[in-house]
Amino acid sequence: MADIVFGIWDGQIVHNGKSELWAPKLAPLQDIAEYEPGNPIQAIMGWDGFFVFDPSVDLVDMARAYMEVVQRESCGKCVPCRMGTRVAVDLLTRIADGKGSEEDIHTLRKVARLVREGSMCELGHTGMNGVLYLLDHYEGVFRESITKGVRHPRRSYHTKVTAPCIEACPERLDIPAYIDYIRSGRYTDSLSIIQEKNPLASVCGRVCVRFCEFACRRGMLDDPVDIKHLKRFVSDVELEAAVKKQAKEVRIAPDAKRVAIVGAGPAGITAAYHLLRKGYRVEIFEAMDEPGGWAAFGIPDYRLPRQVLRNEAEVVLEMGGQIHYNQRLGKDFTLKDLRDRGFDAIFLAIGCQLGTSLGIPGEELQPKGYYPGVEFLKRVNRNEPIEMGSKVVVVGGGNVAMDCSRSSLRMGAKEVHLVYRRTKAEMPADKVEIHEAEEEGVHFHFLTNPTRLLVEDGRVVGMECIRMELGEPDKSGRRRPVPVEGSEFVIECDMVLPAIGQKMDVSCLGDPPVLKLSRWNTVEVNPDTLQTSLECVFAGGDCVSGPATLIEAMAAGFRVSHSIDQYLRFGRVELTEEERMSRVLRAVAAVDEDMVDRLGRGVQRIQIPTRTVEERVDDFEEVEMGWAPEDALLEADRCLRCYRILLVATEK
Amino acid sequence: MTILMDGMRLNAREGQTILDVAREHDIRIPTLCYHEKLKPIGSCRMCIVEVEGSSTPVAACTTAVSDGMIVRTHTPDLVELRRETLKLIFLKHPMNCAACEINGNCQLQDLAHEYDINHTDLHTYNIRPVEPEPGPYATPLIQYHPRRCILCGRCVQACVEITEVGAINFKGRGALARIAPVERMGSIKPECVSCGECMAVCPVNALTEALGKKRGKAWETRKVKTTCTYCGCGCQLELNAVGETVTAVTPVDGGVNRGALCSKGRFGYDFINHHERLKTPLIRENGTWREANWDEALDFVAKRLVDIRSESGPDAIGALASARCTNEENYLFQKFIRGVIGTNNVDHCARL
Ligand SMILES: Cc1cc2nc3c(=O)[nH]c(=O)nc-3n(C[C@H](O)[C@H](O)[C@H](O)COP(=O)(O)OP(=O)(O)OC[C@H]3O[C@@H](n4cnc5c(N)ncnc54)[C@H](O)[C@@H]3O)c2cc1C
Ligand code: SF4
Ligand code: SF4
Ligand code: SF4
Ligand code: SF4
Ligand code: SF4
Ligand code: FES
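Chains L and S supply the protein sequences, listed in that same order. Numbering of the first sequence is given in the numbering used here, commencing with residue 1 and proceeding in unit increments. Numbering of the second sequence is given in the numbering used here, commencing with residue 1001 and proceeding in unit increments.
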């Protein structure tokens, strides 16, 4: 544990072990003594304070370096930040060079106030806080430089520019930047920012679970910025041009190293995209006959039209990658075959393909009318034959359950019942999804659990359920539902779709499996590097995390492209600078009592137009319609641009 | 809804900004980057106002009003902040009004006057000079002066919103920021069409005509509202003249063009004072041209048309109209050729 010699954050002081900050919150900060192995952190400076771990750190030089980053990151659009931070850099440089005057400290304070009060965005509002705090608590150090003419040699620091929404996004998209480009009508620039990391912008723009929006600081004023639909907007406008553009940029040498990717889901596609950009020869082996994984054959067309996904997945081919369809690991080839065919590294991204069963009597009969939820969706999506019932019961509370319910309606079911063992507030499904399912007439049964499948002549005829009530909180703090004895009742139905989770099909890894598996029967990897128990094999996405989300799978694909790149070039894999800084940032964020205390620009959140229930419930056409440019612009204008800068001084 | 501004209860509507409401009620809030024709930009920070509940001032031009909002527009603190902001602008912008073409017609100059900014003021900041590296602007017709540019962003926005091209944008960071053509984006490069909309909205004279003569000073310039002669659109514009010499074209509000112009209408005015310009009709006699007056010329044409028609029939006559005439004029012309002369031999140069 590292001792904080002095620190201040949000105006609260930590001094020689005594702390006004809540100790548990401070703990993570004290835990990250080293930036990288053998390189201790001396000080951290940020948007609302600083922490000193090692008193020998040169605060004057650090302040100058911090201001130089602010000036370098200032977008130059508003006067106070553009010129004011430049004034601050010059003043601090003078002081650090031993040529400052008493007057400079006064001017520095004055200009700091102007930058904080007058700037347009949060970078300006927060950019000079750290320096102000240093002046308040270490003014003597600055004065000494001035009176004695001390020179402070320049050192280098680790710095990072980020925002809460960026950090919340598993792929760390530069959200404020792409929103800002929409605000100024520059859609191509905007999409380029997204595509720096994310090749499936219009897919994410439709179905991402939007971690970023839950972290969005605009939410503290009214509603979060509608980041997801802004992404959809630019990708709709600019898609065609953008796909072609990326394809032109890549150069792949004929003798470049070769990477095999198993699975063309979001994780696989993203990894291929980044590896191709890095110049590797990439081939994907996919069991099905189309790209996209669950995004293609799971998510229904009314949320994500198939053509949208296909267009974007094309990019892998346009860039010179190959996709071999109908190639199933474990049936058509093994991992060893890939090695033998000369691939230098392998990325396993096979997702979780099997639906979890309910574990209730009757299921083992596999009666007619019983389909695992994901299997049902796959058949719907792929136009494969289904014996559709007229009264459907769906079990589960996540997005897959919503998809099953709403797709059943569209397939002609007269009645759809959704059974979930907890309450509505605890449903993991997206609130918008729940709302739309309600609108479409899905009957919800909360605090209800299935106990038995009723089967006659090999057909489902009903499902016995039991009522639940909330008992004691479990480890996660959620109150655990317990059955109410004797409250069994039967829902008559001719179709049952369990949608309570998926698991990985481990059989494709051979018996015994060639890779080490985790406790949850997923592939075990080093969480930092995604390397498996076999050195040249990496894995990511649902097959590592268990069923999760699109963007997490894509982030794994992005992460693995670094790992594979490092592995193929240096033979070992390390954290990237971005990831190291994020680690420090998370520790700092833990002590940060974030709040927005000034009004934001722009109006209330702009609603996305949707088709009416009558229009939409009989077909699979998209429910949400896009924005017109005017609306996108108004929404983009709501972003506060919460950029913040973190600086870490280390020994080396 | 109502809001309280400087102690006065004012009516406001959903969707208005603080600045909108202030202007509607004749409360003056200083602005520099705001332009009626453009979406609020919010870059100059001159319009900052205090709003109760907000720990720092906000820009009046970009902040929406809400019911019961309490706004103060002219506290001593605000005046001080605005003044400091102006000083920062003048750290780069040369205070050289006497030699400046738009002297007397400049919003920045007005503000400097209002807030008493002078040279000695700037010494407190005493920074290294800021010289953004020069670079070409988007087009040969328009010249960009990076030192004069205050980076209000109006030009960038005009190019996106009015011209819908997006040829220019901010480039560089911090104090080194300047306006520059956007770089090629893959296969797409928005190309400047030299319309000059950017120039028309520039609040200082950072964008000037590269080929034009020196503009006259505001107080010696006469402005004449007229219709552009280049095509049938009928754009309204103002010729700026010093004495009998046209020195510039400026937009006027309204008209079919709502103030916008194309490169011909805006930059193509040097023909007016050209010595070879036709000023009367000419009649060719014995292979040479002689000057005539309109009556004479029209009589001559009418007589020849009648003669040819009676000698060789109407189809011996063909007619071609100019694209510089209006639609209505073109309609009348074909009506005349068909109805009076009696032939369908009529066409229009835009088809050639
Ligand atoms: C119905 C449904 C709705 C969802 N809705 C959302 C949503 O709205 N938002 C969201 O963020 N997430 C959603 N998800 C989750 C999201 O789709 C997944 O988390 C994501 O697709 C995981 O990506 P992946 O690449 O890891 O795996 P997958 O998408 O499962 O892709 C794996 C690929 O590997 C192939 N494959 C499998 N086994 C083999 C093998 N042995 N050999 C070769 N290839 C193989 C598969 O055919 C597939 O193409 C949803 C999931 C489902 C099922
Ligand atoms: S980064 Fe923000 S505060 Fe700084 S110049 Fe740009 S808009 Fe202004
Ligand atoms: S307001 Fe903008 S920058 Fe701030 S968290 Fe939300 S999206 Fe990100
Ligand atoms: S642009 Fe305005 S402020 Fe600048 S020199 Fe010319 S008249 Fe003066
Ligand atoms: S002249 Fe027209 S097209 Fe060219 S940069 Fe200016 S506004 Fe854009
Ligand atoms: S060129 Fe003129 S309009 Fe454009 S940013 Fe500079 S000052 Fe503003
Ligand atoms: S007029 Fe509002 S910021 Fe410039």
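Rather than coming from a laboratory, the hints here were simulated on the basis of the structure. On a predicted model such as this, the values are computed, not experimentally measured, just so you know. By construction, the Cβ of each residue, glycine as well, lies at the ideal position given by its N, Cα and C atoms. Among the clues, some could well be false.
Once the Cα atoms are required to be at most 30 Å apart in a straight line, the calculated DSBU-like pairs of lysine-lysine come out as [unchecked claim]: (1) L:K25 / L:K99; (2) S:K1171 / L:K110; (3) S:K1264 / S:K1039; (4) L:K160 / L:K110; (5) L:K197 / S:K1264; (6) S:K1171 / S:K1279; (7) L:K197 / S:K1037; (8) S:K1264 / L:K278; (9) S:K1225 / S:K1171; (10) L:K391 / L:K431; (11) L:K391 / L:K516; (12) L:K336 / L:K368; (13) S:K1037 / L:K278; (14) L:K652 / L:K18; (15) S:K1214 / S:K1171; (16) L:K331 / L:K368; (17) L:K516 / L:K336; (18) L:K160 / S:K1214.
Derived DEER-like restraints, expressed as beta-carbon distance ranges [what the hints assert, rightly or not]: (19) S:D1116 / L:G149: 35 to 45 Å; (20) L:E314 / S:G1318: 15 to 25 Å; (21) S:T1075 / L:D528: 46 to 56 Å; (22) S:E1238 / L:H435: 49 to 59 Å; (23) S:V1252 / L:E102: 13 to 23 Å; (24) S:T1075 / L:G149: 38 to 48 Å; (25) S:G1268 / L:H106: 52 to 62 Å; (26) S:N1118 / L:A27: 50 to 60 Å; (27) L:R478 / S:V1079: 50 to 60 Å; (28) S:T1227 / L:H106: 51 to 61 Å; (29) L:H106 / S:T1075: 17 to 27 Å.
Okay, the calculated bits of chain S under chain L, using three or more residues with CB under 8 Å as the criterion [unchecked claim]: (30) 1304-1312; (31) 1315-1327.
Take the C-beta atom of V1252 of chain S and the C-beta atom of E102 of chain L, compute their distance, and say whether it sits inside 13 to 23 Å.
-> At roughly 55 Å between Cβ atoms, E102 of chain L and V1252 of chain S fall outside 13 to 23 Å, so the hint is violated.
Just tell me: holds or violated, for the beta carbon distance of E1238 of chain S and H435 of chain L against 49 to 59 Å?
-> Once the Cβ atoms are compared, 55 Å apart, the range 49 to 59 Å for H435 of chain L and E1238 of chain S holds.
T1075 of chain S versus G149 of chain L beta-carbon gap, inside 38 to 48 Å or not = 41 Å, holds
Does K1264 of chain S pair with K1039 of chain S here, judged by a C-alpha cut-off of 30 Å?
-> With Cα atoms ~26 Å apart, K1264 of chain S and K1039 of chain S stay inside 30 Å; holds.
Given the hint that K652 of chain L pairs with K18 of chain L, does the C-alpha gap stay at or below 30 Å?
-> The given pair, whose Cα atoms are some 28 Å apart, holds under the 30 Å limit.
Hint says 15 to 25 Å; check whether the CB-CB distance for E314 of chain L and G1318 of chain S agrees.
-> 55 Å, violated
Assess, step by step, whether the Cα of K391 of chain L is no farther than 30 Å from the Cα of K431 of chain L, and give holds or violated.
-> 24 Å, holds
30 Å limit on alpha-carbon distance, applied to hinted pair K197 of chain L and K1264 of chain S | Violated - the C-alpha atoms of K1264 of chain S and K197 of chain L are around 44 Å apart, more than 30 Å.
Are at least 3 residues of the stretch 1315-1327 of chain S within less than 8 Å of chain L when you compare beta carbons?
-> violated (count 0)
Satisfaction of hint between K1171 of chain S and K1214 of chain S, Cα-Cα up to 30 Å | 29 Å, holds
Between R478 of chain L and V1079 of chain S, is the Cβ distance one that fits in 50 to 60 Å?
-> 55 Å, holds
Would you say the C-beta atoms of H106 of chain L and T1075 of chain S sit inside 17 to 27 Å of each other?
-> Roughly 22 Å apart at Cβ, these two residues keep to the hinted range, so it holds.
In this structure, the hints that do not hold are numbers 1, 5, 6, 7, 8, 9, 11, 12, 13, 18, 20, 23, 30 and 31, in rising order.
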